[in-house]
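**Student:** One-letter residues, chain by chain:
There are 2 protein chains.
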Amino acid sequence: MEKYSNFLLSNGVKPSVQRLRIYEFIHTNRIHPTIEMIYSNLSHEMPTLSKTTVYNTLKLFVSKGVAKAINIEDTEIRYDADLSTHGHFKCKSCGGLFDVMLKIDNLVIEGLDNFKIEEYQVNLKGYCNVCKPN
Amino acid sequence: MEKYSNFLLSNGVKPSVQRLRIYEFIHTNRIHPTIEMIYSNLSHEMPTLSKTTVYNTLKLFVSKGVAKAINIEDTEIRYDADLSTHGHFKCKSCGGLFDVMLKIDNLVIEGLDNFKIEEYQVNLKGYCNVCKPN
DNA sequence: AGTAAGTTTGTAATCATTACAAATATATTA
DNA sequence: TAATATATTTGTAATGATTACAAACTTACT
Ligand SMILES: [Mn+2]
Ligand SMILES: [Mn+2]
Ligand SMILES: [Zn+2]
Ligand SMILES: [Zn+2]
Chain D
281 MEKYSNFLLS NGVKPSVQRL RIYEFIHTNR IHPTIEMIYS NLSHEMPTLS
331 KTTVYNTLKL FVSKGVAKAI NIEDTEIRYD ADLSTHGHFK CKSCGGLFDV
381 MLKIDNLVIE GLDNFKIEEY QVNLKGYCNV CKPN
Chain U
281 MEKYSNFLLS NGVKPSVQRL RIYEFIHTNR IHPTIEMIYS NLSHEMPTLS
331 KTTVYNTLKL FVSKGVAKAI NIEDTEIRYD ADLSTHGHFK CKSCGGLFDV
381 MLKIDNLVIE GLDNFKIEEY QVNLKGYCNV CKPN
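Taken in order, these protein sequences are the chains called D and U.
Under the working numbering, the residues of the first sequence are numbered 281 to 414, in order.
Under the working numbering, the residues of the second sequence are numbered 281 to 414, in order.
These aren't lab readings, by the way, just hints derived from the structure by calculation.
A few of these clues could be false.
Claimed, not checked - In the DSSO-like style, the derived pairs of lysine-lysine whose C-alpha atoms are separated by at most 27 Å in a straight line are:
id, chain 1, residue 1, chain 2, residue 2
1, D, 339, U, 412
2, U, 412, D, 405
3, U, 396, D, 348
4, D, 344, U, 412
5, U, 396, U, 348
All figures in this text were calculated on a predicted structure; none of them were measured in a lab.
Generate coordinates for the entire structure from the input sequences, incorporating the hints supplied.
**Tutor:** Have a look at this one:
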């Protein structure tokens, strides 16, 4: 995709075959995948893909700001190509990670006088509409 | 401390010497310590303390709900005995983890119709008032 | 005191992540 | 185009935090 290629380039990421495909994957499949999910999904069509490359690529993406790492759980890191302001909900039953729209302007924060806030995450957990006991 | 002992008991945690001292430590020192910090701070006064015990104890505390695990960073887990509703701010320079008061009632959340929200975390990052470049 | 149940400890095993160097691909120069 | 330099990928080995486990110890109960 030319669009993805230019986006990566404009953010200082040289779009190699692997990087482009990995970026396309996380941008298209909004499942907030782990490294393992990305690797197992792409290794079929790219048989020589190394897991090291997936690790390196996602680290590069996060450092260049083209993807975000979501630390909602201490047992896994999930990745998101959606850079817009939003939070996340993880279902304790199925493990699904859902986007949550936030009206963050309403969130009053106290206790940070003279602090410089650069980023934030709002992470929720519970049971999704499918898994919720009725 | 009798107070701590009773609190642990009422939450299903038998207050052994080690558990009581670990709980007292995280309740008194509001630095949101890691396992390593807890261990290195207490191993002087409790020379036989095993790091395994610290791991086991904090896992027990979290499962019994007497402490919370804060996943603000994928490189460390920090623990908090403060069960009240509040968020956290981590300084990227000194690593300090600060409490943040939230008026969370104002936070409008969309996209979770029929979901059951059980817990949430609000995690911020940036630079504290000491480390902030002027 | 003696027995049983629960807890702690030290060590060994596990496993996700990282380091590294060779191989491959891409860009640059002649 | 061929040669050379630079960047990226790959596979394997090393690392290190966490967990599994069984022996030692502590506590509660008879
Ligand atoms: Mn998202
Ligand atoms: Mn706190
Ligand atoms: Zn679910
Ligand atoms: Zn600081």
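**Student:** If a hint holds in the structure, say so; if it does not, say that too.
**Tutor:** Consistency of the hints with the structure:
no.	hint	in the structure
1	D:339 - U:412	holds (25 Å)
2	U:412 - D:405	violated (32 Å)
3	U:396 - D:348	holds (25 Å)
4	D:344 - U:412	holds (22 Å)
5	U:396 - U:348	holds (20 Å)
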